[in-house]
Amino acid sequence: MEYPDANRVRPGISDDPGRRHFLEVFLDTSVVASLVSFFYPVLRYLIPPVQAELASDTVLAGHVGDLKPNSGAIFRFGSRPGLLMLTADGQYHAISAVCSHLGCTVQYRGDLHEVWCACHNGTYDISGRNISGPPPKPLESFDVFVKGQDIYVQRKKNA
Amino acid sequence: MATLDQVGIHLNSAESRSGRLLGLRMVLAFFSMLLLAPLSLAQQTKNSCLDCHSQLDPPLHASPDEYNASIHTQKGVTCVTCHGGDATSDDVDKSMGAAAGFKGHLDRKQIPGFCAKCHSDASYIRGFNPSLRTDQYAQYLTSVHGKLLAKGDTKVAVCIDCHGVHDIQAPNDPRARVYPLNVAQTCSTCHANAEYMKGYKIPTDEFALYNSSVHHAALVDQGDLSAPTCVTCHGSHGAAPPGVASVENVCSTCHVFQAQLFDSGPHKDAFTSLGVPGCITCHSNHGIQHPSDTFIGTAEGSVCVKCHSAGEPGFDAAAKMHESLARLDSAIGRSDAILNRAELSGMEVGEAKLAQSEARDDLIKARVSIHGVQTAKVDQDVQAGLAVAQKTYQAGLAAMAERSYRRTGLFISLGITLIVLAGLALLIRKLESGSGN
Amino acid sequence: MGAAASMRHWLDERFGWNQLMAFVEHKTVPRHRFSYFYFLGGMTLFLFGLQVATGILLLLYYRPSPNEAFESVQYIMTQVRFGWLIRSIHSWGANVMILTAIAHMFSVFFLKSYRKPRELTWLSGMILLFLVLGFGFSGYLLPWNTLSVFATKVGTDIAGQVPVIGHWTLIFLRGGEDVTGATLTRFFGFHVAVLPGLVTLLIGLHLLLVQRFGMSVPPSVEADWRANPARVQEMRFFPNFFLRELMAWYIALAILGALAAFKPWELGAKADLFASAPPGIRPEWYFMFMFQTLKLLPAKIGPVAGDLLGVLGFGIAGAVWTLLPFLDHEKPGRRSRWIAGAGVFALAYFVGMTLVGYAAK
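Residue numbers (the working numbering), protein chains in the order written: chain L, 1 to 159; chain P, 1 to 437; chain D, 1 to 361.
Hints were generated in silico from the structure; no laboratory data involved. The reader is advised that the hints may include incorrect statements.
[Said to hold, decoys possible] List of simulated lysine-lysine pairs, DSBU-like, C-alpha gap at most 30 Å:
#	chain 1	residue 1	chain 2	residue 2
1	P	K201	P	K94
2	D	K270	P	K391
3	P	K353	L	K68
4	D	K263	L	K156
5	P	K353	P	K391
6	P	K151	P	K94
7	P	K430	D	K331
8	L	K156	D	K27
9	D	K331	D	K116
10	D	K270	P	K353
11	P	K151	P	K201
12	L	K157	D	K116
13	P	K353	D	K331
14	D	K263	P	K391
Keep in mind it's a predicted model, so treat the numbers as computed, not measured.
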């Protein structure tokens with residue numbers, strides 16, 4: 001890059017070609033380096049992240065075959081735990097796993113066919129309705145979709 | 001709609017056979033039928049009682065609004081059913097005359113028995129509400145109120161004191177004085193009145209204490225109608241304080257785990273031999289507060305030092321349990337702090353935050369397991385929680401490392417920028433050199 | 001002919017390239033004790049370009065619906081590589097740009113650069129300022145957190161106070177009676193399509209006018225130079241002034257990067273339309289002076305509502321300020337001194353009320 005070395009007001013210029021060349025190289029390199037430091041993040045940004053979708057209303061909770069009949073497993077729904085259950089009749093059910101009493105994580109009890117909280121012995125049915133013990137409110141229940149081998153859990157849409 | 005044999009008159013009952021004036025009964029039945037068939041006419045048919053008494057001052061005042069809204073009136077039980085008399089006539093002599101069977105004001109002592117005439121008759125009540133209980137009177141006779149009434153004390157509560165007189169509602173009606181949200185207020189009408197309760201030798205601060213309690217908060221603030229109110233622990237019709245031996249049974253109706261743990265530990269026998277009740281010795285009965293970790297331990301304000309002193313194994317156990325809980329609590333707090341800092345800086349810590357809830361579960365379980373007052377059991381839960389908290393703390397550290405990586409990146413780019421700025425400045429100087437900048 | 005020279009020749013035959021280059025070569029910038037203020041316009045332009053670039057990048061991941069807006073911003077902040085950087089630069093950049101725009105306006109005011117023949121430059125600049133404030137207001141809603149929604153509610157409420165057209169304006173802005181998802185869609189449309197289009201046109205006009213008339217010189221310096229022509233000093237735009245501007249732009253970018261790394265823009269909590277407004281709701285700092293004024297006005301002044309008088313007052317003040325070049329006299333005199341005084345008052349009021357607004361919380 002050549003820089004014009006005449007200036008309207010200030011005539012005369014440093015005529016040391018070595019210094020001039022060094023300055024040019026120095027400036028060019030550092031400008032290029034700065035541009036790289038600006039555009040590197042932009043390029044990384046443009047590449048889609050691993051988790052391509054927002055985890056807002058729907059989440060992949062598991063795969064067919066993960067759960068045995070009459071058992072349940074915890075999955076992550078956003079930032080809270082959810083409980084996915086497979087009942088003996090082959091139906092999937094999903095509810096929030098955050099106990100409405102004090103927030104402990106509930107579990108499915110195959111022996112009781114109910115959802116149970118180990119902290120204070122609260123019980124719910126598989127649709128999340130609170131049956132006995134301290135829980136004052138039911139657990140939010142979700143819709144379950146099976147697509148191929150994938151089990152998706154989705155928040156219920158407001159009517 | 002009331003039929004002949006339902007309206008307060010049991011033509012087949014022993015009483016009628018024992019010789020009440022059949023004529024009087026038929027008159028009563030006739031007039032009652034006029035009043036009660038069909039149901040809605042109960043409010044539109046002539047009611048001379050209300051016509052006059054709505055104009056009178058208390059204590060003779062009867063409010064038509066209250067009366068019409070009451071459940072008795074809705075079901076066809078009217079003024080005449082309880083008071084006798086003739087509601088069709090405006091002539092005082094006729095309507096309130098002996099000929100019409102007017103009973104007038106009932107003596108307080110007679111009230112429970114009087115209400116029981118219908119409410120203890122299972123086959124009668126079945127005609128109105130088959131699931132309504134009919135043992136209230138039997139229970140009442142076993143209660144403190146009932147026993148004192150039998151001895152002649154008319155200051156105690158009878159049916160109308162809690163249920164009202166002309167404004168009775170079903171207990172699940174929010175307007176009822178015995179609706180769960182209203183029960184404590186109803187009991188407190190006498191039991192919080194120090195003047196009224198003079199001579200009974202029981203405290204009158206229960207209402208105030210209860211209002212400050214977690215049970216009250218659950219009932220009123222959280223709207224949990226299953227939360228305990230006075231009648232839950234004391235009974236309603238059979239109201240009496242639970243005896244020392246049965247306090248634990250009452251509390252364990254809801255607090256199952258705590259009771260099971262208590263029974264399995266050394267406190268159960270100790271308390272029994274000392275003759276102190278379980279649960280309320282540490283938690284109190286009416287003014288139950290939310291326990292904190294300072295409840296257990298050896299510091300001032302803990303419940304353990306009420307019985308245990310330094311040097312005893314119980315004292316040491318208390319200290320150990322407190323220390324365990326405190327350790328887990330602070331470990332969770334430490335992880336929370338670092339995860340929050342990371343999140344505020346824009347780091348993704350969702351998984352770790354989710355795992356934190358597991359540690360919190362363990363702390364909650366530990367706080368329950370202390371009821372067995374055995375350090376080994378408490379430590380089990382605490383160790384599990386500490387393991388989780390350690391993992392989440394590591395995750396927090398990793399997130400902060402990522403943040404440092406960002407800042408390093410920033411400083412590198414800042415460094416390059418400074419070099420560029422220096423270069424530009426030099427270039428400008430060079431271009432304009434000759435007379436200095 | 002070398003490659004560069006033949007390309008120049010090709011462009012010149014079709015577009016008059018050499019003439020354009022000659023103009024650029026000869027463009028100068030006056031040098032005097034107020035010259036530093038000349039940086040502000042270019043800085044605002046640079047920041048606008050930065051906003052467009054980061055805005056387009058954000059557009060690749062942002063979703064303008066109430067169900068997903070907040071989550072998508074969260075996604076950008078936590079999942080997308082360097083998303084935190086792009087988003088924070090955009091949010092901080094917006095504030096810095098509005099600051100430089102306001103500073104640019106005040107410097108033009110006090111240096112009296114709006115005088116003939118530059119009246120339209122001032123006018124287009126004022127419209128640009130209003131559009132930029134519109135950018136700030138519409139963009140603020142897009143993350144759909146508690147602060148955004150309530151600040152929008154308060155802001156559109158105030159717009160609704162204007163007599164006659166107020167209610168219609170409120171409906172138009174909100175897409176309905178209340179702030180809802182419809183508002184979000186609408187504001188998104190304003191923010192990424194309508195406003196950029198208008199601003200681009202106006203910037204084009206504004207820059208064209210600046211090139212046409214060159215840089216203005218403040219009256220005192222002008223008088224001095226007229227008396228002493230030897231004292232006239234100028235600097236070539238290319239490369240001298242431009243290199244200095246480039247330094248300023250690098251510094252600005254460095255500051256924004258540092259802000260992004262050390263004080264990332266908050267995510268907040270997702271908006272709950274049914275919750276009541278949290279205490280201490282306030283608009284962004286550039287609207288604070290108006291907001292604080294309205295808060296201080298009594299409920300009623302005579303027969304008229306205090307708020308209404310406040311809104312009208314600001315409206316009239318804004319109109320007068322915009323029409324400034326047509327109100328000021330050419331020659332220095334009492335009127336121009338009054339106007340300068342009014343400007344000092346306006347600046348002091350703006351700064352003072354903003355500070356009061358923050359201190360009051």
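Hint check results:
Between P/K201 and P/K94 the alpha-carbon distance is near 48 Å, which puts this suggested pair outside the 30 Å criterion. Proposed proximity of D/K270 and P/K391 is supported: the alpha carbons are some 28 Å apart, at most 30 Å. For the hint linking P/K353 to L/K68, the alpha-carbon distance of about 28 Å falls within 30 Å, and the restraint holds. Under the criterion of a C-alpha separation no larger than 30 Å, the hint pairing D/K263 with L/K156 is inconsistent with the structure, at around 37 Å.
Distance restraint check for P/K353 and P/K391: the Cα-Cα separation of roughly 11 Å lies within the 30 Å cut-off, and the hinted pair is therefore satisfied. Under the criterion of a C-alpha separation no larger than 30 Å, the hint pairing P/K151 with P/K94 is inconsistent with the structure, at around 37 Å. The straight-line distance between the Cα atoms of P/K430 and D/K331 is roughly 41 Å, outside the 30 Å bound, and the hint therefore fails. Among the hinted pairs, L/K156 with D/K27 is inconsistent with the structure: their alpha-carbon atoms are about 65 Å apart, more than 30 Å.
Restraint check for D/K331 and D/K116: satisfied, since their Cα atoms lie roughly 11 Å apart, inside the 30 Å limit. Annotation: proposed proximity of D/K270 to P/K353 holds, straight-line Cα distance about 18 Å (limit 30 Å). For the suggested pair P/K151 and P/K201, the alpha carbons sit about 17 Å apart, so the restraint of at most 30 Å is met. Proximity of L/K157 to D/K116 is assessed by CA-CA distance (about 62 Å); at most 30 Å being required, the pair is judged violated.
About 69 Å separates the Cα atoms of P/K353 and D/K331, which puts this hinted pair outside 30 Å; it is violated. Taken as a hint, the D/K263 and P/K391 pair is honoured in the structure, with Cα atoms around 27 Å apart against an allowance of 30 Å.
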